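**Q** Read top to bottom, the protein sequences are chains A and B. Under the working numbering, the first residue of the first sequence carries the number 1, and numbering increases by one thereafter. Under the working numbering, the first residue of the second sequence carries the number 1001, and numbering increases by one thereafter.
Just so you know, these hints were derived from the structure itself, not from any lab. Note that the coordinates shown come from a computational prediction; the quantities given were computed from them, not determined experimentally. Glycine included, C-beta positions come from ideal geometry on N, C-alpha and C. Check the hints yourself; a few may be wrong.
[Unchecked claim] Quick partial rundown of chain A residues pointing at chain B, CB under 7 Å, derived from the structure:
{"#": "1", "residue": "61"}
{"#": "2", "residue": "65"}
{"#": "3", "residue": "133"}
[Unchecked claim] Think about it this way: if two alpha-carbon atoms lie no more than 25 Å apart in a straight line, the pair counts; the simulated SDA-like pairs of lysine to any residue are:
{"#": "4", "chain 1": "B", "residue 1": "1053", "chain 2": "A", "residue 2": "56"}
{"#": "5", "chain 1": "B", "residue 1": "1264", "chain 2": "B", "residue 2": "1287"}
{"#": "6", "chain 1": "B", "residue 1": "1261", "chain 2": "A", "residue 2": "56"}
{"#": "7", "chain 1": "B", "residue 1": "1352", "chain 2": "A", "residue 2": "32"}
{"#": "8", "chain 1": "B", "residue 1": "1140", "chain 2": "A", "residue 2": "106"}
{"#": "9", "chain 1": "B", "residue 1": "1024", "chain 2": "A", "residue 2": "71"}
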Amino acid sequence: MRFITMDVTKCVVCRNCEYACSFQQTGDFKREDSNIRVEYYDDIKICLPQTCLQCDDSFCMEICPAAAITRNKITGAIEIDSDRCAGCKMCILSCPFGNIHFDETNLVSRKCNLCKGEPNCVSACISGALQYVTAKDSCRNNRETFQGFIEAMAKDTK
Amino acid sequence: MTMQIVIIGNSAAGLSALEAFREKDQSSRVTIVTKEEKRPYSRVLLPYYLRGKIPYENLFIRDKDYYTRMNAKCIIGNVVKLLPEQQSILLENKTLLPYDRLLIATGSSPVKPPIPGLSGKGVYHLWNLADVQNMAPYFKKNKRLVVLGSGFVSLQGAWAARSKGLTVSVVELMDRIMPRVLDDHAAGLLAAGMKKSGVDLHVNTLTRKIERTEDGKLVLHFKGGNTLAADVIIVGTGVQPNVDFTAGTKISIDEGIVVDKQMKTTLPGVYAAGDVAQVPSTFGGEPVVHALWPTAIETGRIAGTCMAGENVVYQGSLNMNVTQMFNITVASMGDFIDFEGTESWADKSLPKDQYLKILMKKGIPVGAVCAGSSELISTLGCLRPLIRGKVRIQGGPGVLKAMLAKEIVQHHQAFAKRNNPCVS
């Protein structure tokens, strides 16, 4: 299975990925319509691009009260069926990474669907911070890393 | 070992248990007993259907072949007695169902306050399919709805009604709305949104009795002498666990059926999960009845897995609530009302109509509440694992997001280095 990895040491906050995603979703260039979000924290000098990690044990999919979230068998992407989504926002609350957003026009949740296997954000990335890789390839910044950070935090701080 | 498994209830906990059980055990016989519809539907969605957001068909959350695929038998029946000595349950139609392992996932039912006249045509809960079918004819312009209580479901009903053009009043006994789900400030923002949407809100209001006029209208009489007329009343004043059929057994019941970290009750072979169960809390201490969808899913999964013979334990229920109504999103998680020894972190960088507060205890987040835009909920989502993991976080009010980002990046890099030496 392939998914998008994000390397915080390479991102330069050009926001091309946000515009590419917005264009893919809506045909327009509005950052707020993007499913990938780049946050720049000036005081701590961190660029953090974030999009769905397509978790193996995705809590959003498990607890969706409308059964609107399923895994695409071909791409492996966790997808939200906007016809079934009631707009209850439970998935947004359940995502530990803040990677699900809300479509205020249609009152449904939305998230990265890997553009049916050809993610536009990755094509538009100028620095190589975003990569579309298979689980085996992902030496750095892969999903396990992200999932493990909580565990690591707990160990470090206890 | 092939077992006879019986699951009472086919909502969140029952379904989650069945699916988890089948992942581990494909051969045991499983029977699901439900007193309503065979086809599972989602109670959470009922107000969304009334508002017209989703069609009736989408209330159903599993397809028609579901039980066949799960290799399970579903029967409609009302369980009237639990017979632990015979390891059986008795249905109303006198059927005796034997079990090796039983899951009680009977859920909860709405409570009706003892107000004279609060029954009959036009008085409904917003709880099951029959309720919305009864209520749908009233959801038209110029009808008058009075909602008793101001919990999540009640206010969702009020919003659905406003969206359909009804005249809506909400009557709350306490001094503010959503007393258990929001703090004062968030409740104030939501109340302002409700009033702006045209909802007539009455707090500190005790309903004395309901009378019917000759043309069938309902009249609510309040303490102090005020009255309100209504075509339809939604009663949303809390729920209680469905445990009647356990009377006469030695099962331990407090606020719900008491279970351990594996959802085992005090009776051998009998498990409980979902709204009916009083489960361990993520904070330790007294077990809790959260009666929430995510808790039902989680506890159902633990029960199903343990019933299949696996050894998993629950990390404890963390209450989480979220909804959007009256153009404002509200959410809460964990403990969010200040108590002794806690410190409040309010995000002061937000505009006036937005609110986010994190409650800290000894440097560890224990809960949060927000009101405003959808993006605020993401912060609560990021906090969930930190609350559950009792992770100490540093920073202060105003830098919450940056603080979370920093934590994410630092630990993610440390973790990457430990696990992937190729990372420079």
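**Q** Indicate, hint by hint, whether the structure satisfies it.
**A** So, going through the hints one by one against the coordinates:
1. 61: Violated, because the Cβ-Cβ distance from residue 61(A) to chain B comes to roughly 11 Å (cut-off 7 Å).
2. 65: Holds, because the Cβ-Cβ distance from residue 65(A) to chain B comes to roughly 4 Å (cut-off 7 Å).
3. 133: violated, 13 Å
4. 1053(B) with 56(A): Cα-Cα ~30 Å, so violated.
5. 1264(B) with 1287(B): Between residue 1264(B) and residue 1287(B) the Cα gap is close to 13 Å, so the pair holds against 25 Å.
6. 1261(B) with 56(A): holds, 24 Å
7. 1352(B) with 32(A): With Cα atoms ~21 Å apart, residue 1352(B) and residue 32(A) stay inside 25 Å; holds.
8. 1140(B) with 106(A): Holds, at roughly 23 Å.
9. 1024(B) with 71(A): Since the Cα atoms of residue 1024(B) and residue 71(A) sit roughly 21 Å apart, the hinted pair holds (cutoff 25 Å).
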